[in-house]
Amino acid sequence: MMRRFLRDNSMSIVFLLLFLAALFGQAIAGHADFNDETQSHGDPTISLGRYVLSSEFGAAVMENWQSEYLQFTLFILLTVWLLQRGSPESKELDKAGRESDEQQKVGRHAQQNSPRWAKLEGIPRTLYENSLVLVMTTFWLGTWLAQSLTGAAQYNADQLDHREDPVSWSHYITTADFWENTLQNWQSEFLAVGSMAILAVYLRQRGSPESKPVGSPHGTTGVEG
Amino acid sequence: MAQRFHAALADGDGQAACDELSEETASKLEQQEKKPCEEAILSLELVKGGTVADTRVYVTGALTTLAGGRSDFLDEGPDGWRVSAAGCEATAPSQPYDCELED
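Chains as they are written, first to last, in this note's numbering: chain A, 1 to 225; chain B, 1001 to 1103.
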């Protein structure tokens, strides 16, 4: 029973454990780095617990989270219309767009075991049809807002260290500091998605659903292994 | 914290005022004035008494402005908040404050 549960959910369980281990590692390394930095300025050190609750740690975590959620939001949304010939990340070339109700198995084309909201009409179905992007967008905007708030606190801590006036949140989001922290994360996400889309045309990973079957021709689009 | 510091100055209690300073700031003051902190602190032109009008806290730093307009900078350490600069006045926008006492 337990073994079956672990096997059936191994992907989410392993990634959750990897996430927690990496976050813990980041907290340990970030705390050590923070205290090295404060000591070099002659400032007092802080405890690990205080560091984990600080905007310093919050900003470092949030700037990465927001870019990941943006990446998935854009990937989910843009692949409705954008295609890549030969890529398993793309739909078949004649399927660009939102597709018909029949293809999407909604409304009167819903199957008996389709989700209840897929069988409805009107706003509930529109919400359900877009629920993945709506939730991912909410996570993205929420974490981006959190990055801006924690980043502003961190920026202002530096301002005080230099004996300068703190700035408001609305001023902070126009600073080069905010946009550098944002864009350095965005560029890496866009590169990763773009390279995955094109490399998967020519390269394979036997057994992975993210790859085409090893023997599939390079020109075959929209087939996952 | 800042209020206690200024109250100690108003009482002429240099030791109590020095207890509110960060270690670095107290030792810089002693080096500059070539006197023990509790004596040197009373010779500075700092606000004696007064109430805190505004406090803004960011991570482990804080800026406290007194009712008269002068400000103090505080740092949070293992023993709590300590004054790291006092008697500070803004000089120009985007420029550092000019402080009577700092680390």
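Hints may contain errors.
Facing chain A, a subset of chain B residues (Cβ under 10 Å, in silico) [what the hints assert, rightly or not]:
#: 1; residue: 1037
#: 2; residue: 1043
#: 3; residue: 1056
#: 4; residue: 1057
#: 5; residue: 1103
Derived lysine to aspartate or glutamate pairs resembling DMTMM-like cross-links, with alpha carbons at most 25 Å apart [unchecked claim]:
#: 6; chain 1: B; residue 1: 1028; chain 2: A; residue 2: 36
#: 7; chain 1: B; residue 1: 1035; chain 2: B; residue 2: 1054
#: 8; chain 1: B; residue 1: 1035; chain 2: A; residue 2: 43
#: 9; chain 1: B; residue 1: 1028; chain 2: A; residue 2: 89
#: 10; chain 1: B; residue 1: 1028; chain 2: A; residue 2: 161
#: 11; chain 1: B; residue 1: 1048; chain 2: A; residue 2: 164
#: 12; chain 1: B; residue 1: 1028; chain 2: A; residue 2: 121
Derived from the structure by calculation, the hints contain no laboratory data.
The beta-carbon is built from N, C-alpha and C at its ideal position, and this holds for glycine as well.
Discussion item. Which constraints among the numbered hints does this structure fail? Numbers only, ascending.
Written reply: Per hint list: 1, 2, 7, 9 and 12 violated.
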